[in-house]
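Sequence lines, in order, name chains A and B. Note that our numbering numbers the first sequence so that position 46 is 46, with each residue one more than the last. Note that our numbering numbers the second sequence so that position 41 is 41, with each residue one more than the last.
Since the hints were made in silico from the structure, they are not lab data. Since the model is a prediction, treat every value here as computed from it, not as a measurement. In this text, a Cβ means the ideal position worked out from N, Cα and C, and glycines have one as well. Be aware that one or more of the hints could be misleading.
[To be verified] Taking CB as the label site, the calculated pair distances span:
hint, chain 1, residue 1, chain 2, residue 2, range
1, B, E158, A, E193, 43 to 51 Å
2, A, E62, B, T274, 52 to 60 Å
3, B, E126, A, D220, 30 to 38 Å
4, B, D142, A, Q167, 43 to 51 Å
5, A, Q141, B, G241, 24 to 32 Å
6, A, E193, B, K197, 53 to 61 Å
7, A, D220, B, R81, 34 to 42 Å
8, A, T110, B, K92, 36 to 44 Å
9, A, S253, B, E230, 14 to 22 Å
10, A, E264, B, V166, 37 to 45 Å
11, B, G54, A, S253, 17 to 25 Å
12, B, R81, A, G44, 51 to 59 Å
13, B, M78, A, T110, 27 to 35 Å
14, B, R238, A, Q63, 39 to 47 Å
[What the hints assert, rightly or not] In silico lysine-lysine, DSBU-like type, Cα no more than 30 Å apart, as pairs:
hint, chain 1, residue 1, chain 2, residue 2
15, B, K207, B, K55
16, B, K246, A, K243
17, A, K256, B, K111
18, B, K286, B, K304
19, B, K246, B, K197
20, B, K111, B, K55
21, A, K256, B, K112
22, A, K243, B, K55
23, A, K243, B, K112
24, A, K256, B, K207
25, A, K256, B, K332
26, B, K304, A, K269
27, B, K111, A, K228
28, B, K14, A, K243
29, A, K269, B, K112
30, B, K332, B, K302
31, A, K132, A, K144
32, A, K269, A, K228
33, B, K302, A, K132
34, B, K302, B, K207
35, A, K243, B, K347
36, A, K144, B, K207
37, A, K269, A, K243
38, B, K197, B, K332
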Amino acid sequence: MAILVDTGTRLVVSGITGREGTFHSLRNRDYGTNVVAGVTPGKGGQDVDGIPVFNTLHDAVEQTGANTAMVFVPPRFAADSILEAEDAGIPLIITITEGIPAHDELRVYTHLERGTSRLVGPNCPGILSPGKANVGIIPAQFFKEGNVGLVSRSGTLTYQIGNELAQRGFGNSSIVGIGGDPVPGSSFIDMLELFEADPETELIVMCGEIGGSAEEEAADYIEEHVSKPVLAYIAGFTAPPGKTMGHAGAIVSGSKGTAAAKAEALEAKGVRVGRNPTQVSEIAVEILGTRV
Amino acid sequence: MDLLEYQGKQLFAKHGVPVPDGRPATTVQEAVEAAEELGYPVVIKAQVQIGGRGKAGGIQLAKDRAEAEEHATAILGMDIRGFTVHELYVEKASEIDEEYYAAIVFDRSAKKPMAMLSRMGGMDVEEVAETDPEAMRMLHVDPLLGLQDFHGRRLAFESGIAEDVVRPVGAMLASLYDVFVREDATLVEVNPLLITKSREVVALDAKVTVDDNALFRHPDVAELRDPSAEDPQERMARERGLTYVKLDGNVGILGNGAGLVMSTLDVVAQAGGTPANFLDAGGGSKAEAITSAVEVILSDEKVKAVLFNIFGGITRCDEVARGLIEAFEQIKPDVPFVVRLDGTNDKEGRALLAEADLPNVHTEATMLGAAEKIVELAR
Numbered sequence: 001m002a003i004l005v006d007t008g009t010r011l012v013v014s015g016i017t018g019r020e021g022t023f024h025s026l027r028n029r030d031y032g033t034n035v036v037a038g039v040t041p042g043k044g045g046q047d048v049d050g051i052p053v054f055n056t057l058h059d060a061v062e063q064t065g066a067n068t069a070m071v072f073v074p075p076r077f078a079a080d081s082i083l084e085a086e087d088a089g090i091p092l093i094i095t096i097t098e099g100i101p102a103h104d105e106l107r108v109y110t111h112l113e114r115g116t117s118r119l120v121g122p123n124c125p126g127i128l129s130p131g132k133a134n135v136g137i138i139p140a141q142f143f144k145e146g147n148v149g150l151v152s153r154s155g156t157l158t159y160q161i162g163n164e165l166a167q168r169g170f171g172n173s174s175i176v177g178i179g180g181d182p183v184p185g186s187s188f189i190d191m192l193e194l195f196e197a198d199p200e201t202e203l204i205v206m207c208g209e210i211g212g213s214a215e216e217e218a219a220d221y222i223e224e225h226v227s228k229p230v231l232a233y234i235a236g237f238t239a240p241p242g243k244t245m246g247h248a249g250a251i252v253s254g255s256k257g258t259a260a261a262k263a264e265a266l267e268a269k270g271v272r273v274g275r276n277p278t279q280v281s282e283i284a285v286e287i288l289g290t291r292v
Numbered sequence: 001m002d003l004l005e006y007q008g009k010q011l012f013a014k015h016g017v018p019v020p021d022g023r024p025a026t027t028v029q030e031a032v033e034a035a036e037e038l039g040y041p042v043v044i045k046a047q048v049q050i051g052g053r054g055k056a057g058g059i060q061l062a063k064d065r066a067e068a069e070e071h072a073t074a075i076l077g078m079d080i081r082g083f084t085v086h087e088l089y090v091e092k093a094s095e096i097d098e099e100y101y102a103a104i105v106f107d108r109s110a111k112k113p114m115a116m117l118s119r120m121g122g123m124d125v126e127e128v129a130e131t132d133p134e135a136m137r138m139l140h141v142d143p144l145l146g147l148q149d150f151h152g153r154r155l156a157f158e159s160g161i162a163e164d165v166v167r168p169v170g171a172m173l174a175s176l177y178d179v180f181v182r183e184d185a186t187l188v189e190v191n192p193l194l195i196t197k198s199r200e201v202v203a204l205d206a207k208v209t210v211d212d213n214a215l216f217r218h219p220d221v222a223e224l225r226d227p228s229a230e231d232p233q234e235r236m237a238r239e240r241g242l243t244y245v246k247l248d249g250n251v252g253i254l255g256n257g258a259g260l261v262m263s264t265l266d267v268v269a270q271a272g273g274t275p276a277n278f279l280d281a282g283g284g285s286k287a288e289a290i291t292s293a294v295e296v297i298l299s300d301e302k303v304k305a306v307l308f309n310i311f312g313g314i315t316r317c318d319e320v321a322r323g324l325i326e327a328f329e330q331i332k333p334d335v336p337f338v339v340r341l342d343g344t345n346d347k348e349g350r351a352l353l354a355e356a357d358l359p360n361v362h363t364e365a366t367m368l369g370a371a372e373k374i375v376e377l378a379r
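Make the full structure from the sequences, and use the hints.
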């Protein structure tokens with residue numbers, strides 16, 4: 001088992017003919033992901049190394065049975081592409097694009113919330129279920145199958161923590177990047193719910209950062225709904241207020257959204273918080289026992 | 001991107017929010033000319049992106065030419081909580097009867113815009129929220145429908161503002177919402193929202209933040225960026241397409257990915273050091289980007305040592321190593337470096353560094369080891 005992407009994934013890539021789109025689509029296919037289609041308006045009928053390209057997501061779904069979309073188009077076109085994927089009936093839309101205007105994200109989020117499609121991202125590295133499927137830009141070579149579910153607002157920090165865990169012998173059920181934007185399509189809570197229900201996952205590691213209140217909301221949810229152990233890491237203790245730290249959503253506004261407040265909120269609900277990535281893996285050993 | 005008051009008011013005027021007549025000025029002469037044109041009394045206001053201008057003496061009433069000249073001279077160049085005043089706004093003085101507060105904000109946790117109104121304006125909003133939380137009324141707005149008339153009416157009646165201005169205040173909220181959506185703002189705030197002696201409703205101040213990610217849709221707003229108010233290193237980094245935030249310590253930091261860089265700052269602080277900056281060289285960093293980033297970091301004279309913390313995913317460690325070697329050829333840094341390379345092509349990267357044998361460059365295998373080493377070297 002894993003969550004969201006697995007051997008049943010049939011992936012269509014929006015923006016497949018762009019440089020990054022092609023590179024990562026082929027990397028995902030090399031990993032074993034079933035990449036069934038690509039979409040670039042005006043390039044229908046072409047192919048990318050054997051992957052058929054369509055003009056619309058509707059054509060791609062109709063002709064290939066795609067059930068997952070990966071959006072790789074530039075920021076100004078990304079909201080449109082997500083809405084097109086939803087309109088074509090795709091249940092899972094993973095958006096890698098960074099730099100989408102916040103108001104576009106608000107409209108997309110509000111529309112999708114009223115339907116049944118799930119959005120993961122934007123501004124995220126995608127989802128990897130080791131041994132099954134990789135959708136996005138996560139470097140899969142560092143991860144193997146296992147019982148730790150990992151959910152994170154940051155890409156490279158996920159690799160760092162995943163790698164620390166791997167060095168201590170842990171593998172992952174799934175690794176989900178929910179992205180660093182102010183309006184993520186999916187929250188920590190959405191992923192906690194899926195990991196809680198996933199029989200393979202025995203420990204959930206959540207990796208948060210400054211800005212917003214998603215970690216605090218997750219803390220309340222964990223207390224009420226999560227029976228599995230949850231371990232957290234929060235980045236940005238030294239971030240000054242009012243400055244955007246790389247991710248559009250990583251900003252301490254006045255006294256709100258600090259790393260200290262998030263760590264406190266989680267610890268108050270019994271979630272252990274590692275103070276650095278290495279400590280996260282040490283606590284994982286305490287919780288699950290030694291694996292090496 | 002935070003706009004200055006007068007820039008915000010220009011956007012207000014464009015979308016029908018009533019504002020007093022005014023002119024920006026960058027010299028005393030311009031300020032006096034503006035005052036003469038507007039007619040006295042005028043208010044001379046420091047244009048800086050920080051609150052508390054009035055208390056700091058940055059807002060003064062001028063009843064004649066001599067006073068306008070005197071105040072403009074005093075305020076230009078004034079330091080207000082670390083911000084130097086480079087621009088003034090000369091505005092026709094208003095007769096104040098009542099002061100309210102209105103705002104449209106981006107409520108991240110609800111994932112909705114939120115309209116706010118209070119009859120207690122002209123003061124610190126956070127203070128009002130603490131002392132009299134009932135005084136601030138708030139309503140969420142469906143972003144697919146936009147602000148409706150009933151939102152304005154409800155806020156107006158519930159906040160207890162004077163009945164004769166319920167309609168015009170509602171109309172102002174609607175116009176502020178237009179600014180919020182059409183200008184891709186993440187914050188539109190009016191404090192105070194003024195009711196004049198003749199019962200007119202005007203925005204006496206304007207605080208507008210525009211989403212950086214949407215500036216491509218607003219070339220006019222993008223041009224308003226005020227380079228003189230920007231930190232020199234931050235400007236240099238922005239012009240080079242690097243994500244950089246200046247901090248006040250002495251350990252220069254470069255990493256790939258925002259989360260990992262934030263984490264690196266924290267780990268350096270835990271080891272007893274003080275980070276000089278946040279610099280995300282980005283995913284897939286190429287050698288030129290690394291060289292360019294090293295130049296930005298070293299242009300801060302406080303930097304006594306530089307830490308590279310790279311976990312290569314898409315970024316290849318050998319590219320990072322090449323960038324560093326290139327940087328040493330071009331700029332010959334005189335401070336020590338600690339380099340931690342892990343992930344994609346890490347062995348190749350480390351081999352390149354070993355071969356280049358750069359002066360005063362230390363390699364470390366782990367993030368924690370690298371943090372300890374850099375703190376020791378920066379002492």
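ask   = Going through the earlier hints one by one, which of them does the structure break, listed in rising order?
value = Violated: hints 1, 3, 13, 19, 20, 25, 26, 33, 34, 35, 36 and 38.
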